[in-house]
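Generate the whole structure from the sequences, applying the supplied hints.
Residue strings, one per chain:
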Amino acid sequence: MLKKIITLFLTAFVLMISPGLSPAGSYAQTGSTLEGYIRDISDQKITVEEYDGKVSTLSFAPAAVFKIDGIPVSRDDFKSGMEVYIFRSGQNVTFMEGYSTESPGYIPPGGKVRSGVVKKIDRNQIVIKLATGQEETYFTTPATIVLKNGSNVPLSTLYEGDSVRLFFDEYDSTLISRISIQGDSIKVKAIYKGTLQAADRSYGKITLSDVKVLTDGAWKDVDGVAQFQLSDEADISAAGYEVLPNNLKYFRGKTAYLAVRDFFGNDRIYRMVIKNQSETMVSGKIEDINWYFGALELSTKQNISFNDGTIFIKNGRIVDKYSINPDSDALIVADGASGQSTADIVYIYDEDINNSGISQNFLLAGRLDEIVENQLTLTDFFILNKHEWESFDGDKKLYFDDDTYFYDLEDKRQISRKEFYSEDYAVDETSKYAKDKGLRDWYGYMYTEGDRIVAVAVKKRMDSLLAQRITVGTVESVEDDPLTGITLTVKDARDWSSRKDQWMPKTQPVRMSIDRSIVIKENKVISYEDIRPGDTVYGIRDDFYCKILFVK
Amino acid sequence: MKKLLIFFMIFSVLMNQGYALSAPAGFSGGVNNEYTYEEMVFVTGKPLKFTGTVSISEREKQDSKTVSYSFDLTSPDLSEKNQLRRTVTYVTQYNNRNDKGQAIAQTEVQSYNERIIIGRDQYNLEDYQFSKSDVIDNRPASDFYSGNFNGRKYYTINKNEGNVVIEITGGDVGYENFWGSTETQIMVFSISSQRYVVDEQNNEKKSVSWKGTVNVQVSDSMTKSLSYYDNEATLSSFNGGYVRTTEREMVSKYEYNLPKMNGNIPDGSKRNNDSVSLSAQMVPRVERLIVPKFRDVEGHWAQDYIEKLYSLDVFDTSSSFFVPEAPMTREEFIKGIIRACNIRSSMDTQKKTVTRRKQAPEVSPFKDVSPQDPDYSYIKEGLDKGIVTGVTKDSFKPGAPLTRAQAVTILVRALGFGNKAPNPGYQTSFSDDDKIPYWAKDSIYVAREINLIEGDSQNRVNPNKVMTRAEASAMLVRFLEFLQKDLQKDYRENIML
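In order, the protein sequences belong to chains A and B.
Heads up: the first sequence is residues -9 to 542, going by our numbering.
Heads up: the second sequence is residues 169 to 665, going by our numbering.
Any given hint could be a false lead.
Computed, partial: chain A to chain B, Cβ under 10 Å [unchecked claim]:
1) 49
2) 52
3) 57
4) 58
5) 104
6) 105
7) 121
8) 153
9) 219
10) 398
11) 522
12) 526
13) 528
A short list of chain B residues far from chain A (calculated; beta carbon distances all over 10 Å) [stated by the list, open to error]:
14) 211
15) 275
16) 286
17) 304
These are calculated hints, taken from the structure and not from any lab test.
All values reported here derive from a predicted model rather than from experimental measurement.
Note that beta-carbon positions come from the ideal geometry of N, C-alpha and C, so glycine has one too.
Written as structure tokens, this is what we have:
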């Protein structure tokens, strides 16, 4: 009661000071109140049965204020049977509020939406940057539904730099009920450079001449002249300062770098930097980042500054500068003179099995010591850790189920769970049975999510893991070669060097056979037919033959 | 004669009206510009591209619209003599529910004729069933609509060699306002084919069948934007001015799951999963706008906003001084929103239809706004459309300064988004939520959700702060950007990418 009176006075006060949009103006401040149920209501009169049973019939003052649950309404919105609070002046109602809402603050599921770019992922915490520039932090739960291209995918597919829409079921909740991730169109399709010839404002297009594309660590000729469309969000800068589209005409004849994405089959510019002085291309490990001065220190002790116009690309996505970390390997297109360089493009090479802190996926290799119905014991096993096989003594228990993918590399066929645990893939080598039949334990590669095996590929003899190389890059083509079988050509490839502890870019595309590979995408085994040009891949290969291929 | 003239006026045929409306041509996922049209065809089990021309004619009556499409397409590879000819007419009946500001549109196919020649095979459309229903919500600043459709196309192959049945299910969403319109169709084609082929080994006829699905998303979007152009000559009476550019673009994506075909026969259980994107852009139309010449806005933080609105005739002052720091009045703001959004004035229509009839003198709903007031029509329009209400039942206070709460409420009401707020009994995320007038709470909540407004450095919305003319200009321009870009992104990129 007291609360309602306070509310009433507050409302009256606000109405007095604000000549706003209220449907009616101020109402009499003197009078009495009554509460109860509407018995009957018409245009002129209302009959109210108070809670104590007393019945009153009142008229409406000409400037009476009507509200239902705090929302301004008209007299017609009140119904018989409704509970009301009335302020009266004599026999006239000057204010009437009804109560109807069953679920205060309710929104339909998914009724609150936030759109933005993922700035940071830390376990169940996602920081997104909204279109307004504000950053907000939200949280995932095990029940969070994740969709990409309309298909349900694991949360581990999310990258920093992804464009997302987050849906919430409660208006004040920070727990995400559903995430919709923009598909592969978010990825940088190519980085071009060329001489700016024209900028057409009406079409939103720019024309470059002497166009080259960054491939395999070098600029390669594409076309004499090409036109590119600017996206609505395109950021253009020169020497760290924003360039308005209207002023692009002043940069005619200068070299421009473009980061383009695919927009329904066409290239569309999302970032553009105008070269200021002379170009130097550097490849190396970022040893330290000085955020205060805005500079990268490379392992070669070379310092390269960066600014708000620098294009940072990581995991194939345009990212915020704060998404890069020391110890990353990068290709830097720097711009400068007299030893002072500023990065126009920083292309981070790093790729890993896990996309972010959300993922808990591992690749193991080892001897299959024991297999029971849903459990496998590995012994003398290795785990791929930071692109290198790390050996462990002892045993490791892993679990599998009917959804696990089992593959016999010797027979080149998929096997069932029952075959996996009932055949002789793991035997007691000291037993008479094994000795009589000459059986030995098999070896396998296991891709796991925690301790659950997503896919396992088994073979009779252990590969030499030391001979294996990790290669990452972008798929250029997939072909069924009559001599080598299904063969992948990977451009912008780089191999991991254990000695240098960094990714070593290759100047030529890498070809690898995936005929006997397990191909994994979004935590599922896929067919080679599902690999598309433009996909980023992470492969464990033994020279030409790829063992495990992750499609990112 | 007069009747005939009216008949022709009503039944005006619009041929290839590039910018007339944003709606993809037909329901095939194709895209077109002024000159060419292209779409993907899947009747053979292989994705085949066809290009050519489409002509579109529209006839509108009071409660119905007839749209006819005529396609003449061939394979882009001229060595393959493939050909597609299709004419189809759809009729839409509108059931206007003016009491609710909504309309129900029911679309059926009226006539059709289609023949596809691919290699030596001819596919004839024997039957086409189609049903589509949309609900259109007419709000003051924009119309929003959403619909569902189902259809089935039945083709024969070489008259009696088999058939292809394409079942179509899907829906569309769209909006239409002065600053832009987008329609996005999301369809699934479920294709099943059965045909008789001659077995080369024993020369006997055998039946071959296959099934496939194609997910199609196609969007047609028109948007207007304002860009500033410098005057290249320096010895001119003005430095530069704004150009309103109208762009229209169609984009389409087909994601197919088809059998791998070896000629006319599926190659075992192998599937062909891939996607194809198409796009087409029309030539942008440009309109030069009047040049602002205020003496007191140069260098002001809101100069760009003020000049944009002036160029759009939102502010029709002839003064050389805009006075950006003076308070914006309620009357000026409602006039601004109606002019900026080109909200159709029902009064103008009324005037035209009853000019020759003697009518009762106009009575103002407010005692402080005379029908002779030059801005009376805007206030009346705002009241009729539910964008604004009086301060009291019979008083509008046109010259009173406008508060932020009032401005936000006007904008959200113009969009018709007020009902997107939670059920009563919630708090907004602003730190001064307790200062928000009860009548503005829903609007302020919604405006924050759709990024029309944001809090200050202390996360306050300052609802009762009087807005300056500069601040009101910035808010109006942000509102126009919402109509131009935010809606387009939500209806196209967010759905299709």
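How the hints compare with the structure:
1. 49: 16 Å, violated
2. 52: Because about 7 Å separates residue 52/A from the closest Cβ in chain B, which is inside the 10 Å limit, the hint holds.
3. 57: Constraint on residue 57/A satisfied, holds at 7 Å.
4. 58: Interface hint status for residue 58/A: holds (8 Å vs cutoff 10 Å).
5. 104: 9 Å, holds
6. 105: 7 Å, holds
7. 121: 6 Å, holds
8. 153: 8 Å, holds
9. 219: Because about 8 Å separates residue 219/A from the closest Cβ in chain B, which is inside the 10 Å limit, the hint holds.
10. 398: Residue 398/A check fails; min Cβ-Cβ to chain B is 21 Å, beyond 10 Å.
11. 522: 8 Å, holds
12. 526: 18 Å, violated
13. 528: 22 Å, violated
14. 211: Label holds. Min Cβ-Cβ 22 Å, cutoff 10 Å.
15. 275: 25 Å, holds
16. 286: Nearest chain A Cβ is 23 Å from residue 286/B, so the label holds.
17. 304: Given that every Cβ of chain A is farther than 10 Å from that of residue 304/B, nearest at about 21 Å, it holds.
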